[in-house]
Amino acid sequence: MNGPIIPLHVLVLLPVLTGAAAYVLPRRAYQGVMLTGSIAAAAFALQLFISVRWGSDAVQYVAGWPEVIAIQLTADTYSAPLVLLTALFFSCTFLFSTMAGYMDKTFMFLFLMLESALFAIFLSGDLFNIYVAMELAMITIAILIMYKQEKQAVYDAMLYIMMNFIAMAFFMLGIAYIYRLTGVLDLQVISRRLAELEDPRAAVVPYAMIMTAVAVKSALLPLFSWLPRAHGAPSAPGIISAVLSGVQVKAGVYLLVRLHQVFAPVADTRLFFLILGFLTAAAGFLLAIAQKDIKLILAYHTISQVGLIVMGLNLGTEEAFWGGMYHMINHALFKGLLFLSAGVIIEDYGTRSYAEIRGVFTRMPVIGIATIAGVLGITGAPFFNGSISKYFIQLGAQGSLGELGLYLINFGTILSFVKYSTILFGTPETEPKPSRDPFVAGISLVFGAAILAGGIFGSQAVALIYGPSYSAAGALSGEKILIFAATLALGIAVYRFGVQRIGDFLAAVRGFKFSFNQITVFISLFFVLLLGFSYASV
Amino acid sequence: MASVAEFFSRLSLSDMAVGLFFIGLYGAMTQRNIIKTIMSVGIMDAAAIVFFVMINFEPGHRSPVAGTPADQMADPIPQALMITAIVIGVSVVAMCLAMYMRVVFRYKTADWNTLIRRLGD
Numbered sequence: 001m002n003g004p005i006i007p008l009h010v011l012v013l014l015p016v017l018t019g020a021a022a023y024v025l026p027r028r029a030y031q032g033v034m035l036t037g038s039i040a041a042a043a044f045a046l047q048l049f050i051s052v053r054w055g056s057d058a059v060q061y062v063a064g065w066p067e068v069i070a071i072q073l074t075a076d077t078y079s080a081p082l083v084l085l086t087a088l089f090f091s092c093t094f095l096f097s098t099m100a101g102y103m104d105k106t107f108m109f110l111f112l113m114l115e116s117a118l119f120a121i122f123l124s125g126d127l128f129n130i131y132v133a134m135e136l137a138m139i140t141i142a143i144l145i146m147y148k149q150e151k152q153a154v155y156d157a158m159l160y161i162m163m164n165f166i167a168m169a170f171f172m173l174g175i176a177y178i179y180r181l182t183g184v185l186d187l188q189v190i191s192r193r194l195a196e197l198e199d200p201r202a203a204v205v206p207y208a209m210i211m212t213a214v215a216v217k218s219a220l221l222p223l224f225s226w227l228p229r230a231h232g233a234p235s236a237p238g239i240i241s242a243v244l245s246g247v248q249v250k251a252g253v254y255l256l257v258r259l260h261q262v263f264a265p266v267a268d269t270r271l272f273f274l275i276l277g278f279l280t281a282a283a284g285f286l287l288a289i290a291q292k293d294i295k296l297i298l299a300y301h302t303i304s305q306v307g308l309i310v311m312g313l314n315l316g317t318e319e320a321f322w323g324g325m326y327h328m329i330n331h332a333l334f335k336g337l338l339f340l341s342a343g344v345i346i347e348d349y350g351t352r353s354y355a356e357i358r359g360v361f362t363r364m365p366v367i368g369i370a371t372i373a374g375v376l377g378i379t380g381a382p383f384f385n386g387s388i389s390k391y392f393i394q395l396g397a398q399g400s401l402g403e404l405g406l407y408l409i410n411f412g413t414i415l416s417f418v419k420y421s422t423i424l425f426g427t428p429e430t431e432p433k434p435s436r437d438p439f440v441a442g443i444s445l446v447f448g449a450a451i452l453a454g455g456i457f458g459s460q461a462v463a464l465i466y467g468p469s470y471s472a473a474g475a476l477s478g479e480k481i482l483i484f485a486a487t488l489a490l491g492i493a494v495y496r497f498g499v500q501r502i503g504d505f506l507a508a509v510r511g512f513k514f515s516f517n518q519i520t521v522f523i524s525l526f527f528v529l530l531l532g533f534s535y536a537s538v
Numbered sequence: 001m002a003s004v005a006e007f008f009s010r011l012s013l014s015d016m017a018v019g020l021f022f023i024g025l026y027g028a029m030t031q032r033n034i035i036k037t038i039m040s041v042g043i044m045d046a047a048a049i050v051f052f053v054m055i056n057f058e059p060g061h062r063s064p065v066a067g068t069p070a071d072q073m074a075d076p077i078p079q080a081l082m083i084t085a086i087v088i089g090v091s092v093v094a095m096c097l098a099m100y101m102r103v104v105f106r107y108k109t110a111d112w113n114t115l116i117r118r119l120g121d
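If you read the protein sequences in the order shown, they are chains F and H. According to the numbering used here, the first sequence is numbered sequentially starting from 1. According to the numbering used here, the second sequence is numbered sequentially starting from 1.
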């Protein structure tokens with residue numbers, strides 16, 4: 001196997017350049033051209049993944065400069081699967097919404113620009129390049145979430161962009177410190193030079209600054225206020241929510257993994273992030289249960305799942321680490337599917353309240369099946385992909401306090417999705433409309449099939465994507481299925497007799513919002529805490 | 001008072017940039033006026049840029065263009081990078097201001113807390 005057939009920077013630029021070229025074409029042509037560009041990027045990403053997985057890492061120094069000086073692009077075991085996931089995800093969601101009304105020229109162009117920015121984040125091996133790509137993604141997302149300009153969309157986008165701008169200012173100051181300390185921006189060289197430092201404490205301040213920014217991006221506990229606003233924004237079309245929740249949050253988590261390795265000689269903050277992951281997961285599902293808007297339920301739930309992924313990555317055992325990595329992909333699949341189907345449901349019913357939507361199954365059978373597949377995946381039902389990654393994480397946590405926490409998180413997940421699933425049943429108030437879009441049905445079923453396949457061939461999927469092979473047979477043992485059934489029964493019971501009776505309390509939780517000033521205080525507090533913890537750990 | 005003046009005179013530009021960064025952060029934490037918070041965030045960004053540009057700088061250094069002897073040249077990398085960062089900063093602040101105008105037209109307030117209350121209606 002000889003390396004990728006196109007240079008990495010061409011892959012990064014492909015979507016945005018196709019978008020720009022297609023921008024001048026007439027309506028009939030441009031959608032086709034953009035779609036072709038997106039699918040071509042997916043094909044190249046697939047080839048890149050194959051060459052990295054069964055060949056060697058692809059490292060490229062842009063413009064032929066030597067190492068250290070050049071901007072470096074790297075595709076390795078961590079980044080290649082995520083690039084492939086991003087490319088496939090964008091192509092599928094693009095196909096999904098080809099007939100939607102909001103898909104005009106500018107929207108599609110921005111959509112492809114976001115794809116390029118995400119590729120750049122995943123492939124960059126250079127701190128400043130990551131900074132630029134993150135800023136690009138941030139601006140694009142802000143425009144996309146206020147695209148339809150309904151209701152409070154502009155406020156949501158403004159809060160999002162200002163919060164992230166503060167995070168990026170931290171990030172840049174951190175980069176500056178690192179550059180002063182090591183004289184380079186290349187991640188691998190930084191890691192080598194940090195190990196040679198006489199006093200590793202010198203790198204603790206930039207470490208805390210950069211990690212604060214990355215924690216904002218990956219929506220950890222006190223810093224997640226932007227996520228439900230961006231992902232659940234009333235005006236954001238379904239595909240934007242799907243892409244943000246499915247792939248964009250993963251960029252933050254990916255940087256968390258990457259930078260942990262770079263800064264391994266400086267500080268060991270695994271315990272900090274483990275605890276934070278648990279708290280994030282718990283807060284996420286508690287807030288999800290309190291929501292009434294189906295998109296907000298899903299958005300808060302993304303926070304909970306990110307917490308679970310961060311827990312897995314920081315438990316310190318190999319199984320849990322790869323379980324977390326696999327869960328990143330699984331979460332993209334089922335949350336993407338849930339958001340896409342939620343978008344269709346909202347458009348069809350004309351409401352976002354879970355109490356007013358009834359009988360999705362009878363009215364839209366395909367969307368109903370897709371939702372069920374997504375729900376089964378996310379709750380970790382046996383035979384679905386969520387069960388495999390959760391099983392691996394649990395395997396890695398065995399015997400520690402973390403295992404108890406995982407049971408609690410799983411219970412919360414099931415509880416919030418019992419609430420979400422109520423929209424499926426009952427009788428719809430109006431007659432079913434004839435289904436009109438073959439792509440919607442087709443893509444939903446593809447996602448559903450991928451969720452099922454990821455569960456049935458769980459251990460093979462991990463081996464195929466990342467390499468290490470663990471047996472996932474335990475995920476299908478009678479004990480696991482019993483535990484799932486028991487948790488499900490408990491979830492339904494608690495929902496019926498507990499959650500439905502504390503409406504006032506939930507309304508209070510729902511109405512509680514943090515102002516911008518409070519959010520900034522949280523960012524500062526997080527920075528100080530992380531700084532203190534890192535100092536103590538050196 | 002003399003010691004305070006002495007303390008400040010010993011600060012380098014980099015130290016002041018870090019100070020400026022946290023002044024900006026303080027502004028973002030305390031100001032309720034949206035324009036003031038946008039200014040604070042802009043100050044944080046500018047402070048980070050100043051800090052970056054001052055890395056490896058020594059008095060007597062000249063701009064890194066053709067013709068400057070290598071030993072008198074300022075480090076060119078921060079300068080090249082910060083041009084990019086300045087452009088990004090300007091565009092983000094411009095976008096914040098554009099959104100601010102929309103918000104003010106719709107909700108008739110420039111105060112974060114009042115804004116949150118009016119969103120619910």
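It should be emphasised that the hints constitute simulated quantities derived from the structure, not laboratory data. The C-beta atom is built at its ideal place from N, Cα and C for all residues, glycine as well. Fair warning: there could be bad hints in the mix.
Unchecked claim - According to the in silico footprint, chain H covers these stretches of chain F (three or more CB under 8 Å from chain H):
| no. | region |
| --- | --- |
| 1 | 152 to 165 |
| 2 | 313 to 324 |
To be verified - Once the Cα atoms are required to be at most 35 Å apart in a straight line, the calculated DSBU-like pairs of lysine-lysine come out as:
| no. | chain 1 | residue 1 | chain 2 | residue 2 |
| --- | --- | --- | --- | --- |
| 3 | F | 148 | F | 292 |
| 4 | H | 36 | F | 513 |
| 5 | F | 148 | F | 480 |
| 6 | H | 108 | F | 480 |
| 7 | F | 292 | F | 513 |
| 8 | F | 105 | F | 292 |
| 9 | F | 105 | F | 148 |
| 10 | H | 108 | H | 36 |
| 11 | F | 480 | H | 36 |
| 12 | F | 148 | H | 108 |
| 13 | F | 480 | F | 292 |
| 14 | H | 36 | F | 148 |
| 15 | H | 108 | F | 105 |
As the list claims (entries may be wrong) - Restraint ranges, calculated between C-beta atoms of paired labels, are given here:
| no. | chain 1 | residue 1 | chain 2 | residue 2 | range |
| --- | --- | --- | --- | --- | --- |
| 16 | H | 76 | F | 366 | 43 to 49 Å |
| 17 | F | 33 | H | 118 | 50 to 56 Å |
| 18 | F | 439 | H | 118 | 47 to 53 Å |
| 19 | H | 90 | F | 404 | 49 to 55 Å |
| 20 | H | 118 | F | 407 | 52 to 58 Å |
| 21 | H | 110 | F | 532 | 34 to 40 Å |
| 22 | F | 149 | H | 76 | 30 to 36 Å |
| 23 | F | 7 | H | 104 | 43 to 49 Å |
| 24 | F | 437 | H | 110 | 23 to 29 Å |
| 25 | H | 90 | F | 399 | 50 to 56 Å |
Hint-by-hint comparison with the structure:
no.: 1; hint: 152 to 165; verdict: holds (count 8)
no.: 2; hint: 313 to 324; verdict: violated (count 0)
no.: 3; hint: F:148 to F:292; verdict: holds, 22 Å
no.: 4; hint: H:36 to F:513; verdict: holds, 21 Å
no.: 5; hint: F:148 to F:480; verdict: violated, 45 Å
no.: 6; hint: H:108 to F:480; verdict: violated, 56 Å
no.: 7; hint: F:292 to F:513; verdict: holds, 15 Å
no.: 8; hint: F:105 to F:292; verdict: holds, 33 Å
no.: 9; hint: F:105 to F:148; verdict: holds, 14 Å
no.: 10; hint: H:108 to H:36; verdict: holds, 16 Å
no.: 11; hint: F:480 to H:36; verdict: violated, 55 Å
no.: 12; hint: F:148 to H:108; verdict: holds, 21 Å
no.: 13; hint: F:480 to F:292; verdict: holds, 31 Å
no.: 14; hint: H:36 to F:148; verdict: holds, 27 Å
no.: 15; hint: H:108 to F:105; verdict: holds, 32 Å
no.: 16; hint: H:76 to F:366: 43 to 49 Å; verdict: violated, 58 Å
no.: 17; hint: F:33 to H:118: 50 to 56 Å; verdict: violated, 43 Å
no.: 18; hint: F:439 to H:118: 47 to 53 Å; verdict: violated, 40 Å
no.: 19; hint: H:90 to F:404: 49 to 55 Å; verdict: holds, 50 Å
no.: 20; hint: H:118 to F:407: 52 to 58 Å; verdict: violated, 42 Å
no.: 21; hint: H:110 to F:532: 34 to 40 Å; verdict: holds, 36 Å
no.: 22; hint: F:149 to H:76: 30 to 36 Å; verdict: violated, 43 Å
no.: 23; hint: F:7 to H:104: 43 to 49 Å; verdict: holds, 47 Å
no.: 24; hint: F:437 to H:110: 23 to 29 Å; verdict: violated, 44 Å
no.: 25; hint: H:90 to F:399: 50 to 56 Å; verdict: holds, 54 Å
In this structure, the hints that do not hold are numbers 2, 5, 6, 11, 16, 17, 18, 20, 22 and 24, in rising order.
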